[in-house]
Amino acid sequence: MSVIAPKFKLSEFIKSLLDNIFWIMLLLTFVGLPAVQIVLFYIEMPVIHGELLTPFLAFTWLADPTRILPVVHAFMATDLFRIAAFPGFGFAALLAAGTIFVERKMLAKLQLRVGPFYCGKIEGILQLMGDGLKLISKEIIIPAKADKPIFWAAPVMFVGAAAAFVALIPVAPGWVVADIDMGLLAVFAVIGFFPIITILSAWSANSKFPFIGGIRALFQMVSFEIPLILSLLGVVIVTGTLNLSEISASQSFFPWIIFLPVGAIVFFITMLAELERIPFDLPEAESEIVAGWLTEFSGMMYGLVQLGTYLKLYAFAALFVVLFLGGWNGPMVVPPFPEEFLVGVEMGPVKVGPFPGLPLFDQAMLNGTLWFVIKTVGVIFFILLPRGVFPRIRIDMLLNLGWTKLIGLAFVNIFIALALLYAGVLGPGGLQ
Amino acid sequence: MSSDSEKPTADAKPEAKPAAKPAPKPAAKKPEEKPVELPAFEKGISDKLVEKFADKVEVAFVKEDRVRINVSKENVHEVAEFVRDGLNYDHVESVTGVDFPADKEIEVVYHIGSYSDSSLGRQILVLATRAPREDNPIPGQDSTKLPSLRDVFYSVEFGEREVFEMLGVYFEGHPDNRRLLLPEDWADLPPLRKDFAIKGR
Amino acid sequence: MTAELPPGLALQKVDERIMTLNVGPQHPGSGHMRIVVQIDGDYIVACDPDPGYVHRGEEKMAEYRNYITNIPHLERPVIHDSCNVLYPYVLGAEEILGIEVSERAKYVRVIASELNRCIYTMYWLAIYGIFLGHSTMFMWPAGDRELLIDLMEKMTGARVTHAHFVPGGVRNDLPPNFEDVCLRQVNYFEKRIKEYAAVFYDNPILISRTRDTGVLSRQDAIRLGTTGSVLRASGVDYDLRVKEPYDVYDELDVHTNVMKEGDSYARSRVPWLDMMESCNIIRQALQKMPKSGSVRTKLKPNPKTKGPETVYKRVESGRGSLGCYIVSDGKPEPYRVKMSVGSFRNLIALPYLLKGEKLGNMPSVYWSLNYWPVEADR
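Residue numbers (numbering that gives the first Met the number 0), protein chains in the order written: chain A, 0 to 431; chain B, 0 to 200; chain C, 0 to 377.
In isolation and in its complexed conformation, chain A is listed as follows (with noise of 0.2 Å):
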């Protein structure tokens, strides 16, 4: 054929914009604006001027802009932000992209190369973007003797348990999304679906390598979990209680690694193996098993177990700040809200303000986040140096590590912290 193929045909692109914009123009009538009155419906309205805020109300911000802040300060109290937005997913996968970022440009660092570079002008900073949007438009290819179902639901359920235990950590005080009272043994319950969906996964794939790596992978997740939850109890034990917020709470003098040292250790070591990070990335071995569980997936549903992966990795890390390193606790940086924002600014002539709605966010919740951030970046670092010094570990290695050493520390753990309790040094009476 040698003429042009009618659809790369100039006219049939502009038709296809054309098209696009109708499309777009007809669903953000039909279905985006009554979406926004819904959500509208259910938010707590504030009070402006003496009036209360209706919905029609609330739609008028664009004739009057003073009335965005109070709505957006009443959309951050609702449930659905907590969950989509701060301290829950969308503040997770924030991290989860800057750990990927920060991962391959330290390795690269590390291994003398660059790393990405080309995309986003800037050391590659948009890398991630690219890789995401390349994922989308690939093809998924499901086994032809794949048990489907359960194959299509694999990577969703995954991110939805990382996204779980996402919801479990405390941010900020106050600021989490799940404040129950069980919250490590939520967190234990949480870890217990991984090795259920990655088997799940494997096997319904109906293939070879996905099935050893879902097979090695069950092995590791079930027998570093035992001292995983073991290296957990040092610290229940001289907090006396589940929750992770109190436990947060009572490190604001020091954090638990300075006395169960032996229980930090072995939670950082199981955490690795649960990750699935070098060297413990067995179920992934790619000289061995091809990429283990995860060889049969192809385009986003690959994208979504790698996401999965990484809110997870941000999750354990979270762990690990809340449990041993003090959580949100650390000295006052943030400076107070200026007052005059409150009742308004003089410009010279103008007077700018008063803006109602503001503060959006208070000062110790601000000093928090920042903290915890700060601690959780840095024990990200500390997940990502391995990859590049170490290498890779045998099942039979592992298994013996996990079921011999670890759960042996995990106990000499416990055993420090009743000392530290019996001996009056914690708990009632002692430091705290």
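Treat the hints with care, as some may be off.
[Claimed, not checked] Dumping the calculated DMTMM-like pairs for lysine to aspartate or glutamate here, alpha-carbon to alpha-carbon at most 20 Å: (1) B:Lys193 with C:Asp328; (2) C:Lys59 with B:Asp134; (3) B:Lys47 with B:Asp64; (4) B:Lys193 with B:Glu133; (5) C:Lys259 with B:Asp116; (6) C:Lys299 with C:Asp47; (7) C:Lys354 with C:Asp47; (8) A:Lys207 with C:Asp41; (9) B:Lys103 with C:Glu62.
[Stated by the list, open to error] Across the chosen pairs, the derived CB separations fall in these ranges: (10) A:Ile140 with B:Asp134: 47 to 55 Å; (11) B:Ala39 with C:Asp249: 16 to 24 Å; (12) B:Pro182 with A:Lys108: 44 to 52 Å; (13) A:Trp22 with C:His72: 55 to 63 Å; (14) B:Ala39 with A:Leu111: 53 to 61 Å; (15) C:Asp328 with B:Glu63: 17 to 25 Å; (16) B:Glu63 with C:Val214: 47 to 55 Å; (17) C:Lys290 with B:Ala53: 50 to 58 Å.
Hints listed in this document are in silico derivations from the structure and should not be mistaken for laboratory results. Just so we're clear, the structure is a prediction, and the values are computed from it rather than from any experiment. Glycine included, each C-beta is placed from N, C-alpha and C at the ideal position.
Since the structure of chain A is already known, use the hints to place chains B and C on it.
For chains B and C alone, coordinates are given in the frame of chain A:
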């Protein structure tokens, strides 16, 4: 080299040779001297073989570091056993098949060396034997057969498999007579035979 | 129908506990080759290497070209080690064509061949690193290899496929000032590879993982006819540069690195030690090399042979002894060229070593055999 001291008697001969070799000038003189003066150590090896097997082996040449003997297919196993047990050679470096359509024969050449005997470190014993050749080969089922040396030298295993697929010489007694390099469904002539022509050449 | 299947296609009845894995050819841990592995749980019960994925019939092609035009394609089996792969062929062709080589050309050949050995070993080491999941050990050798590739590019004009050795010497003389640049880069290279000990060879996880895995005893190494670093790691002191010195190796002081253990770790360490030895040899050769003189005896385009003759020449390549058996019938083309390559000879140890080994040890044992699939297939 510590291992050299194992055989003090044989030491003198390999030491003498490097001195003779590097100078390029004697090579020009060599053609005249060659029939008179064969290298002594290599001559000793071939003499031992001739002494043991008499006219069963034919010494093709005795050169510096290389001794070549031609053996008929009936005797090759026996000679190989003597080469291993009597002459201290212990491994086969390469198994080569050469097609001679004019003679209606296929030659299989074993290059045998030794690691354990340091005086044989630079020696290669070339053991050649010939199998009958058929114009329309059915590999494995025609008369192109030789006794396998795998029970004498373990290291010929892959080499003989390669010769089987490349020239169609079946090795009787080889435990694993499968294709090695060629695809399993190769249905053409054995490719290293001379009548297998490359397209365009 | 089923009875007529060729031997390789016959179906085998296997135990239900046993899973057959096709490792390769499209597998990140196989190279261009298939290893059919049967595993029972985590243990390998049988292993059947199936090379031939990149078989190109170099030996058949060599029968259609004359002694000079064979040069560029006979170096293809290992393009990283192309000088060493070509070396025995060139030595054999010189004997058949009756050509003398000048002293300077011999030294240039030794330098080029030692540089090539390092280039190949660095590539091999990089892949060994990534097979063990050590990505830093993939990037460092791959980067440091560029130092020597630059040297080879200065010397020959090509980065990997040099086609530099010809019967009668080498193709070009050294560029001006090459000696100083070479000495500087080789010294830096040696300093650099000594740093690998800290990150790789002294790494406790690496040692605990590869020690006592895939042990090849001295007797078995000899019986299986292995060669090169595999043989030397099993305690056999055999290096052709010492045992059968070709060109000017007998004027240089070559030390053979031998280790007794015979496990994967020893097999991975010997090539690294050999690289340092290569640096020594290059320095010696640069010192002893005649500073001027011809490097090439000119040949006619279609050179005449002396007559029917068979030649077997061998050199020590990066993967062990590399022999070339040339049968000449007096025509300008060789009658038969056979390359006896180290990879092919070491492959025989793979099923032997992997039997009873854990699946996790497969990559380390396989690649520690110093096996280059393309070379074994030829």
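Inset, instruction - Could you see if the CB distance from Ala39 (chain B) to Asp249 (chain C) stays within 16 to 24 Å? - result: 20 Å, holds
Inset, instruction - Verify the proposed pairing of Lys59 (chain C) with Asp134 (chain B), using a straight-line Cα cut of 20 Å. - result: Satisfied, since the Cα-Cα distance of roughly 19 Å is no more than 20 Å.
Legend entry - Given hint Asp116 (chain B) paired with Lys259 (chain C) - CA-CA distance at most 20 Å: Holds. Lys259 (chain C) to Asp116 (chain B) sits at ~18 Å (cutoff 20 Å).
Inset, instruction - Quickly compare the C-alpha distance for Lys207 (chain A) and Asp41 (chain C) to 20 Å and report which way the hint goes. - result: OK: Lys207 (chain A) and Asp41 (chain C) at ~13 Å, within 20 Å.
Inset, instruction - Please test the hint of 44 to 52 Å on the beta carbon pair from Pro182 (chain B) and Lys108 (chain A). - result: Since Pro182 (chain B) and Lys108 (chain A) have Cβ atoms about 46 Å apart, the given range 44 to 52 Å holds.
Inset, instruction - Go ahead and decide if the range 17 to 25 Å is satisfied by the Cβ distance of Asp328 (chain C) to Glu63 (chain B). - result: 23 Å, holds
Legend entry - Pairwise hint evaluation, Asp47 (chain C) against Lys299 (chain C), where the allowed Cα distance is 20 Å at most: Since the Cα atoms of Lys299 (chain C) and Asp47 (chain C) sit roughly 47 Å apart, the hinted pair is violated (cutoff 20 Å).
Inset, instruction - For the range 47 to 55 Å, tell me whether the beta carbons of Ile140 (chain A) and Asp134 (chain B) fit it or not. - result: 50 Å, holds
Inset, instruction - Given the hint that Lys193 (chain B) pairs with Asp328 (chain C), test it: the Cα-Cα distance must not exceed 20 Å. - result: 14 Å, holds
Legend entry - Pairwise beta carbon distance, Lys290 (chain C) to Ala53 (chain B), judged against the given window 50 to 58 Å: Holds - the Cβ-Cβ distance for Lys290 (chain C) and Ala53 (chain B), about 57 Å, lies within 50 to 58 Å.
Inset, instruction - Mind checking the alpha carbons of Lys103 (chain B) and Glu62 (chain C) for me, to see if they're no more than 20 Å apart? - result: It holds: about 19 Å lies between the C-alpha atoms, which stays within 20 Å.
Inset, instruction - Below or equal to 20 Å on CA atoms is what counts here, so check Lys47 (chain B) against Asp64 (chain B). - result: 16 Å, holds
Checked against the numbered hints listed earlier, the structure breaks hints 6 and 16; every other hint is satisfied.
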